[in-house]
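Chemist: Chain by chain, the residues:
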Amino acid sequence: SGKMASEGMEAPLQFLIPSLPRMFVFFLVLVSYVFVSGGVPYCTITGMPFMGTAVDDRGNQVPQAIMPRSNGQYLGEGIAVGFFLTMGGLGMVFLDRMNSMTNPSRMARLFLAAVGMACTLGSIFAIRAFIGKKDHWYFKASMY
Amino acid sequence: LKVMSSKSGLLRSNSLAYTSLLTFVILALAWFVGFASRLFAIVRFESIIHEFDPWFNYRATAHMVEHGYYNFLNWFDERAWYPLGRIVGGTVYPGLMVTSGLIHHVLDVLNFPVHIRDICVFLAPTFSGLTAIATYFLTKELWSAGAGLFAACFIAISPGYTSRSVAGSYDNEGIAIFALQATYFLWVKSVKTGSVMWAALCGLMYFYMVSAWGGYVFIINLIPLHVLALICIGRFSSRVYTAYSSFYALGTILSMQIPFVGFQPVRTSEHMPALGVFGLVQIVAAMQYARTRVTRAQFLTIFIGGLSIALGVGLAGYLALVWGGYVAPFSGRFYSLWDTGYAKIHIPIIASVSEHQPTTWVSFFFDLHITAAVFPAGLWYCVKNVNDERVFIILYAVSAVYFAGVMVRLMLTLTPVVCVLAGIAFSLTFEKFLKNDDHFRSNATGADNKQYDKLKKQKAGTSTDGVSLSEDPIGPNVRSIVSFLMSILLLMFVVHATYVTSNAYSHPSVVLQSSTSNGGRVIMDDFREAYHWLRENTPDDARIMSWWDYGYQIAGMANRTTLVDNNTWNNSHIALVGKAMSSNESAAYEIMRELDVDYVLVIFGGVIGYSGDDINKFLWMVRIAEGEHPKEIKEANYFTESGEYSVGAQASQTMLNCLMYKMSYYRFGETRVGYNQAAGFDRTRNYVIGKKDITLEHVEEAYTTENWLVRIYRVKKPVNRNAVKYTERKIRPTGGHKSSSTVGRSGRKGTLKNKAVVVKGKRPLTA
Chain Z
1 SGKMASEGME APLQFLIPSL PRMFVFFLVL VSYVFVSGGV PYCTITGMPF
51 MGTAVDDRGN QVPQAIMPRS NGQYLGEGIA VGFFLTMGGL GMVFLDRMNS
101 MTNPSRMARL FLAAVGMACT LGSIFAIRAF IGKKDHWYFK ASMY
Chain A
1001 LKVMSSKSGL LRSNSLAYTS LLTFVILALA WFVGFASRLF AIVRFESIIH
1051 EFDPWFNYRA TAHMVEHGYY NFLNWFDERA WYPLGRIVGG TVYPGLMVTS
1101 GLIHHVLDVL NFPVHIRDIC VFLAPTFSGL TAIATYFLTK ELWSAGAGLF
1151 AACFIAISPG YTSRSVAGSY DNEGIAIFAL QATYFLWVKS VKTGSVMWAA
1201 LCGLMYFYMV SAWGGYVFII NLIPLHVLAL ICIGRFSSRV YTAYSSFYAL
1251 GTILSMQIPF VGFQPVRTSE HMPALGVFGL VQIVAAMQYA RTRVTRAQFL
1301 TIFIGGLSIA LGVGLAGYLA LVWGGYVAPF SGRFYSLWDT GYAKIHIPII
1351 ASVSEHQPTT WVSFFFDLHI TAAVFPAGLW YCVKNVNDER VFIILYAVSA
1401 VYFAGVMVRL MLTLTPVVCV LAGIAFSLTF EKFLKNDDHF RSNATGADNK
1451 QYDKLKKQKA GTSTDGVSLS EDPIGPNVRS IVSFLMSILL LMFVVHATYV
1501 TSNAYSHPSV VLQSSTSNGG RVIMDDFREA YHWLRENTPD DARIMSWWDY
1551 GYQIAGMANR TTLVDNNTWN NSHIALVGKA MSSNESAAYE IMRELDVDYV
1601 LVIFGGVIGY SGDDINKFLW MVRIAEGEHP KEIKEANYFT ESGEYSVGAQ
1651 ASQTMLNCLM YKMSYYRFGE TRVGYNQAAG FDRTRNYVIG KKDITLEHVE
1701 EAYTTENWLV RIYRVKKPVN RNAVKYTERK IRPTGGHKSS STVGRSGRKG
1751 TLKNKAVVVK GKRPLTA
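One line per chain: the protein sequences are Z and A, in this order. For the first sequence, my numbering begins at 1 and goes up steadily by one. For the second sequence, my numbering begins at 1001 and goes up steadily by one.
For the record, the hints were derived by calculation from the structure and aren't laboratory data. Treat the hints with caution; some may be incorrect.
[As the list claims (entries may be wrong)] Among the chain Z residues that face chain A by a calculated CB cut under 8 Å, a handful are:
id: 1; residue: ARG22
id: 2; residue: VAL31
id: 3; residue: GLY47
id: 4; residue: PHE50
id: 5; residue: THR53
id: 6; residue: ALA54
id: 7; residue: ARG58
id: 8; residue: GLN64
id: 9; residue: ILE66
id: 10; residue: VAL81
id: 11; residue: GLY88
id: 12; residue: ASN99
id: 13; residue: ALA113
id: 14; residue: VAL115
Yeah, the Cβ is synthetic: ideal placement off N, Cα and C, and Gly gets one too.
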């Protein structure tokens, strides 16, 4: 009786509250994850610019995309890293799509598998490149 | 056939045995690995309590073990917040102390005495193993046992959790995450089964969580949100009703047994949503009951009318209670999560803590590594196959990600849900990619069957037949490559987690380490040196004034009375100390005499380049003092003319004369930090200081540690006679003539004016 009554309850309640399609909600969450995991709240609250400037050896101002300290960041590098993190997740979603396709051709299977693995693995290596600029000890320090 | 079935039957029962053995072994290994990876600081150095807050927890636990539980609950600590004192029993979450005390007691009863300090140091690693097990059960309820094992292994070593639970970090979060996962597991179980027993167990575990950590507010808002979401998307059922009603009733009453929480669940805005949803759940269940007994039109009017009246009355009632003062509005700490600019303007103490700053992407990557990348995939799977309990994990994930983005400290609450969802994602992917042959054979046979049936009708069938048969060589290869690459990902995670734990999160902040150019390690133990000096060379009731960061350590290691400590419950008292530090010496001396201070302690990092010293924190002292005494202290006076903060040559006079500057740089102007540096070169600030010849009038230097890190000054007692400054003395002119003012009307020196003259026989004249 619990299930039947709940089905009856659906109609009046969804009358009041519009039901958004699931995938739309998921897409919203994904877009917000790009921004939040990239540290955009940090940049908004502390007022960091999109890119900073640095002085190179000759004394000219050059644009600096990645802040060399690890306790701060610029907006641009944040959004880039957030994008990579979300891409990593989407890579595994592609792999899942590849598996749940009903009548795939060999090309499609291979392509989706390759894209999926490239996304997932590549995102980690890309972010390691970013880390190299910020935390020099990450690649140098030994476990003493 | 019979043999086959019996063999498969044997295999099935054997496989159950193998599965349980494997599960047990994997969970035991996860516990062991989690314990071991938190021991870096202990192995490298020694088994001491780290940081600041754990020292207070340790002192409270030691007090409880020595004096008994009820004396601990009634403890009034007069050696903290002098002269106010602190009611420890009513302002602390006792779960941590009770847990350690209980373990100590049990071991004692078994005649296996362990010092309470060792129990405190190793409590957090032990509970990390329990957290892994609780996460396994939670994920098993949400998805499957395989996903549970993945999630348990992830959370055992995930740096986001490890950073707050290394051995020696004796803090609430160490046990609170275990209580959190266990409460969520029991909640999911009670929603799934709808039984009162599971809901009651959930209420009991919630009680343990409330006793352990102030972050229980997250649970008591997430669970009502989950129930509300279930109502809104039409998944409300009698199971949800039973689970939530039992949990809320039992959990709230139990949570009010903690003295610190008291009546907050019915008096503060943070707990109001739970109460509101409780009422809503009753209304919705009543409507559901009424639905089967009245006609549809009647029901619709009752429903819409009733709901709107209920919502209106509820909202109006809540606003009235807040306006009347019976229900407190959102407290500053939680309000600052929504309005992120609030704390900086109104409550500078909250804004000054470095853990309350918003999160950069580096924290996301360091603390979560691949689990942060794979987490959207887990979310995708949950959204695709949604049911009651997966709605819960989706809500938990979304809210935790938002809060973690706003405050670094809350990365800790994001870590469990990311591990759960990453476990789900990896488990599903491996499941699909490791099972090669069965999948294809069943596909192929299915296709063949179809072809045989419809052979005449479909000509295109042969081409699909051909394709599916020729898939076989490609399929296993692609799948094994994918599995292999996934394993590479997992290995990278393990290496990263161990590496980061070892290098970044295993610093006992009491001891500073640095490495010399040829790889040797230099240990600077100045803090403990200074606290030991205090312990041995000052009277037992000496009062120490320092900035609030060091209060707990001084109370724990030096065992002396402090003025302000990390509890930061009294902003005006802290502002007084800040004012003393930022005023000039005479004004500061007045404040110190008022507060009965005997010793002052400052941290100075200029000789070794330590960047966490008091001069770097000085602006916060000024800001906090300005909040309470805006007329005497103005932040702008401490900047240079161009508006920067500097202690160098361009520093303002107020800055150069304040007590903090004098105490930090006393005698520093004559020292050189290196052979090729100028005298008075500050290694942290990287320039020469402004005023080099400093004289102290009301304090005198008592002790400076080896690397000048901690400097202790003694406050001089007031002089017996007020000395007049040389330039201000007034000289009475001496020499020949007597001025007439010294001679009274009675004439000569040595006689009293208006002395009553006695004539015998007459009454004395009273003039």
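Chemist: None of the hints should be skipped; say for each whether it holds.
Modeler: Now the hints, each set against the structure:
1. ARG22: holds, 6 Å
2. VAL31: Where the cut-off is 8 Å and the nearest Cβ of chain A is about 11 Å from VAL31 of chain Z, the hint is violated.
3. GLY47: This hint is violated: GLY47 of chain Z lies away from chain A, its Cβ roughly 11 Å from the closest one there, beyond 8 Å.
4. PHE50: violated, 14 Å
5. THR53: At about 19 Å, which exceeds the 8 Å cut-off, the nearest Cβ of chain A leaves the hint on THR53 of chain Z violated.
6. ALA54: violated, 18 Å
7. ARG58: violated, 23 Å
8. GLN64: violated, 16 Å
9. ILE66: With Cβ-Cβ at 11 Å, over 8 Å, it is violated.
10. VAL81: holds, 4 Å
11. GLY88: This hint holds: GLY88 of chain Z lies near chain A, its Cβ roughly 3 Å from the closest one there, short of 8 Å.
12. ASN99: Result: holds, 5 Å to nearest chain A Cβ.
13. ALA113: Check passed: Cβ of ALA113 of chain Z comes within 5 Å of chain A, closer than 8 Å.
14. VAL115: At about 12 Å, which exceeds the 8 Å cut-off, the nearest Cβ of chain A leaves the hint on VAL115 of chain Z violated.
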